[in-house]
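Undergrad: Each chain, written out:
Number of protein chains: 2
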Amino acid sequence: MKKYDKLIINSIGRMVPTEVNGKPQIPFQGVGKHIPEGRKYAPEISSCSNFPSDGNKLVGSLKEALLKAGLKDGMTISTHHHFRNGDVISNQIFDIAAELGIKNLVWFPSASFECNACLIKYLENGTIHHIEGSMNGSLGSFTSEGKMAGMGVLRSHGGRYQAVQDGEVHIDIAVIAAPTADFFGNANGVDGPAACGSLGFALVDSEYADQVIVVTDHLVAFPCIPWQIQGNHVDLVVQVDQVGIPEKIVSGTTEITKSPDRLFLAELTARFCEVTGIIKDGFSFQSGAGGISLAVAEYFREIMIKRGIKARFARGGSNKYLVSMLEEGLVEYILDGQTFDLDGVRSMRENPNHVWTSPFTSYNYHGKGNFASLVDVVILGATEIDTNFNANVVTHSDGVLLHGIGGWQNCLFSKTVILTVPLFRDRIPVIRDEVTTICGPGELIDVVVTERGIAINPLRKDLIELTKNSGLPIVSITELKDLAEKICGKPALPAFTKEPVAVVKWVDGTILDTIWQLQE
Amino acid sequence: MKKYDKLIINSIGRMVPTEVNGKPQIPFQGVGKHIPEGRKYAPEISSCSNFPSDGNKLVGSLKEALLKAGLKDGMTISTHHHFRNGDVISNQIFDIAAELGIKNLVWFPSASFECNACLIKYLENGTIHHIEGSMNGSLGSFTSEGKMAGMGVLRSHGGRYQAVQDGEVHIDIAVIAAPTADFFGNANGVDGPAACGSLGFALVDSEYADQVIVVTDHLVAFPCIPWQIQGNHVDLVVQVDQVGIPEKIVSGTTEITKSPDRLFLAELTARFCEVTGIIKDGFSFQSGAGGISLAVAEYFREIMIKRGIKARFARGGSNKYLVSMLEEGLVEYILDGQTFDLDGVRSMRENPNHVWTSPFTSYNYHGKGNFASLVDVVILGATEIDTNFNANVVTHSDGVLLHGIGGWQNCLFSKTVILTVPLFRDRIPVIRDEVTTICGPGELIDVVVTERGIAINPLRKDLIELTKNSGLPIVSITELKDLAEKICGKPALPAFTKEPVAVVKWVDGTILDTIWQLQE
Chain A
0 MKKYDKLIIN SIGRMVPTEV NGKPQIPFQG VGKHIPEGRK YAPEISSCSN
50 FPSDGNKLVG SLKEALLKAG LKDGMTISTH HHFRNGDVIS NQIFDIAAEL
100 GIKNLVWFPS ASFECNACLI KYLENGTIHH IEGSMNGSLG SFTSEGKMAG
150 MGVLRSHGGR YQAVQDGEVH IDIAVIAAPT ADFFGNANGV DGPAACGSLG
200 FALVDSEYAD QVIVVTDHLV AFPCIPWQIQ GNHVDLVVQV DQVGIPEKIV
250 SGTTEITKSP DRLFLAELTA RFCEVTGIIK DGFSFQSGAG GISLAVAEYF
300 REIMIKRGIK ARFARGGSNK YLVSMLEEGL VEYILDGQTF DLDGVRSMRE
350 NPNHVWTSPF TSYNYHGKGN FASLVDVVIL GATEIDTNFN ANVVTHSDGV
400 LLHGIGGWQN CLFSKTVILT VPLFRDRIPV IRDEVTTICG PGELIDVVVT
450 ERGIAINPLR KDLIELTKNS GLPIVSITEL KDLAEKICGK PALPAFTKEP
500 VAVVKWVDGT ILDTIWQLQE
Chain B
0 MKKYDKLIIN SIGRMVPTEV NGKPQIPFQG VGKHIPEGRK YAPEISSCSN
50 FPSDGNKLVG SLKEALLKAG LKDGMTISTH HHFRNGDVIS NQIFDIAAEL
100 GIKNLVWFPS ASFECNACLI KYLENGTIHH IEGSMNGSLG SFTSEGKMAG
150 MGVLRSHGGR YQAVQDGEVH IDIAVIAAPT ADFFGNANGV DGPAACGSLG
200 FALVDSEYAD QVIVVTDHLV AFPCIPWQIQ GNHVDLVVQV DQVGIPEKIV
250 SGTTEITKSP DRLFLAELTA RFCEVTGIIK DGFSFQSGAG GISLAVAEYF
300 REIMIKRGIK ARFARGGSNK YLVSMLEEGL VEYILDGQTF DLDGVRSMRE
350 NPNHVWTSPF TSYNYHGKGN FASLVDVVIL GATEIDTNFN ANVVTHSDGV
400 LLHGIGGWQN CLFSKTVILT VPLFRDRIPV IRDEVTTICG PGELIDVVVT
450 ERGIAINPLR KDLIELTKNS GLPIVSITEL KDLAEKICGK PALPAFTKEP
500 VAVVKWVDGT ILDTIWQLQE
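From first to last, the protein sequence lines are chains A and B. Numbering that gives the first Met the number 0 puts the first residue of the first sequence at 0, with every later residue one more than the last. Numbering that gives the first Met the number 0 puts the first residue of the second sequence at 0, with every later residue one more than the last.
Since the hints were derived computationally from the structure, they do not count as laboratory data.
For chains that are exact copies, the list does not tell them apart, and a pair is met inside one copy or across any two.
Straight-line Cα separation of at most 20 Å, SDA-like style, residue types lysine to any residue; simulated pairs:
#  : residue 1 : residue 2
1  : K1        : A148
2  : K414      : A220
3  : K414      : N55
4  : K102      : N20
5  : K414      : D53
6  : K247      : C117
7  : K2        : S140
8  : K460      : R270
9  : K309      : A220
10 : K2        : G21
11 : K414      : S52
12 : K279      : D53
13 : K497      : I11
14 : K146      : P493
15 : K32       : P51
16 : K67       : N90
The whole structure should be built from the sequences, with the hints applied where relevant.
TA: Below you can see the structure in the form of structure tokens.
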């Protein structure tokens, strides 16, 4: 299988391969320009007569389940990342595959974490051919160094749903680690010792994979309620001692920043939303899990209380701050894709207004609409932003692939997209002439908030008008770039070879940009 | 389009057509014998770029929605029956179609009620070609008289899901009347003036129809929570004055029988379940909505309280009796397909252990298992039962088609199936040599309880053993038949022509039996 085929320039001016891992690709055509043809992937029809009539799908071990599922060379194996850095099952799958001498697997996680760095040995010995999913941290560096046999494929959470739904990725075996399940395969993430909240990232796997294995350390009598994953999609169930490491499930990034600079950034962002009337009764918002984003939500809270405003809904990732807003009645609903702490898990378990969602409802661009575009304002980060408002979230300015896309691309369809970033990091400008990798086209990014001023995309004349005489430090994006370069100097460009190592997909499955191998 | 093509004998000895309404058919092969090949129906891929970015899918009227959805001759239009006899939208659809001069539509309801009898005029004038769904009451008589242009196709609730999933029925336009919805199309049945509980029967329509229209009289701000129907499947939303007639939504059959004979039947059934140990801690049961079934559940309650037993779950159709068992802690969960009264609706709205289900989870035979086979005991009715335990629920002994199948066929996969019936009705034997129409193969029917004795299927040696010396009036099915004939005389057979008017599908899509035109 060829890693890639000839390169062409796509509509946003980036060089992208026309074929990736043997599959033909469509270059990015512009936002909303690629209209899909054809039909969704059609799974094989099952029959109850091939399943145990008492509903008991338990088998003795993960190995037995993988063998029954027909594990063999070249298959695509999917997992989810709801356990974050406490994931143990993904690694076990490939331990088993390696032990069985199986080669050339494709790992299709919804995201990877540093706990998965041990899989590098299987990328090196051919057990895993390549990863389609976020290649973070050590896996990212490994990819950037050109060491992965196949091309990495980076997709947003919505893009992952889209790719499976549309048949671009065919999952042979989905392994769904579940904090609670019954023998029929109904499963949820809200109960059990390794409770992680939602299992929404695994929904598409359950719907479309040939074989679906649920693994749990907390087996309950049928019915497991709620059934975030429905047993009617599940082939096999395995009980194990531990399905995830609870203390590592909670992300380390879920504390509000204490940095005065970043608190100022957050306050500025909130003031912008207040001045422009974005914070109004019945509004909706999404703020990520990073320290700045959490601080933004806290400033939102202050403004809302002061002005007697309630939000109709907030999009999670949820955490204790958002949960307290729900419990105080400041937010009517949390529509939640993943919980970032135990307060989030508790709330999702107990509060019917804390609703678990999936990339299908929230992000899938190849649906009949999705929720992302209904959100009034979303506050996100970026590693780099260029003077056309294009932004990067996957590579650092040294060219190393170190992050996945997450829901970031999908959130760009919000009514107002604000990137809140420091002007520079470690004396490397964040605002620059050109980003290392385009993950989001500038036309979708409305506002860039830095500690040295706020740049509004010229397309958003309404916001420019609303902030006139507001006292807010409105500047042009070029002014921000010039200021960054005045302080840090013109940034050096990363030294790449001409070899692509990974591609960044857009939400519609087209190729937006390429990640290049680093020069040694 | 030919109504049917040549007739052959299927594996249970019934004459069935090989082609129905122009589509080739598979004759019934035996329980669990037909293994489907091929893939599920694959809907066309949508794109968010073809839907309003603010999520607002509202159009001005049902007519406008139908026109936007491309209503034209020959299309298949689906509706659900959660409003039961308070359905108003189904009739409006065909009023509009008739007004527009559209012909040869196929109506694909999840069930019909007497309130839909007004559609006969559209069957007569060619607006509607035929119905695939339950043809009850007046529509049943109309069909039996051979007046419908096409063949009727009767499916169980699970069979309806199966048929759509497998692409046997392609829905052009699904119209989902919803007690509550938002402008994006998220909808539920638990809130609003016409609250009916679940919308589960419409799930498959939302998933697979080309065009999905949600109609509501109770529009709420996004998000409509819970979203039993997900707006991501919905094309258009219509607001109307009234989506269903609340006082007719509650079924008239949801009071416990007061007849001493029938109470005796119910008590006998419950005693059978007690003696055989079916009622044990953690067991599960399903009892229908008829007067006898409700009485059975009440006797179950007495036994459970007396013996300190709790059920893990009960399958609904729910009603005030079942809800009180949930609230008293006698039942841990209700897994509910449809609520039969307002207590059921309230409980489903408020109690997280009152779970709305769909034919996908409960009944679809072409899934990876379903819940029906996990239920310990199900108590059902029948119009007729033969000495091979084959049973009928769709025709009366005079040959007239008067009922749909509902979930009856699907429930036959329960661990123990009990048919509780009077030995005769209006001096016509219920137990007889041969049933007018086979809806359920005898091998799946375990026990027949009548007021004159209990017959156990010889296949269930365990139950025969358990009831020895129990004091229960155990008899053979032949004894029951003989007794019925002794009292009522040998029943006259209905006078049919040789013309098929409808077919009864089995849960796997094969044809189990044929309904014949009545002689005039």
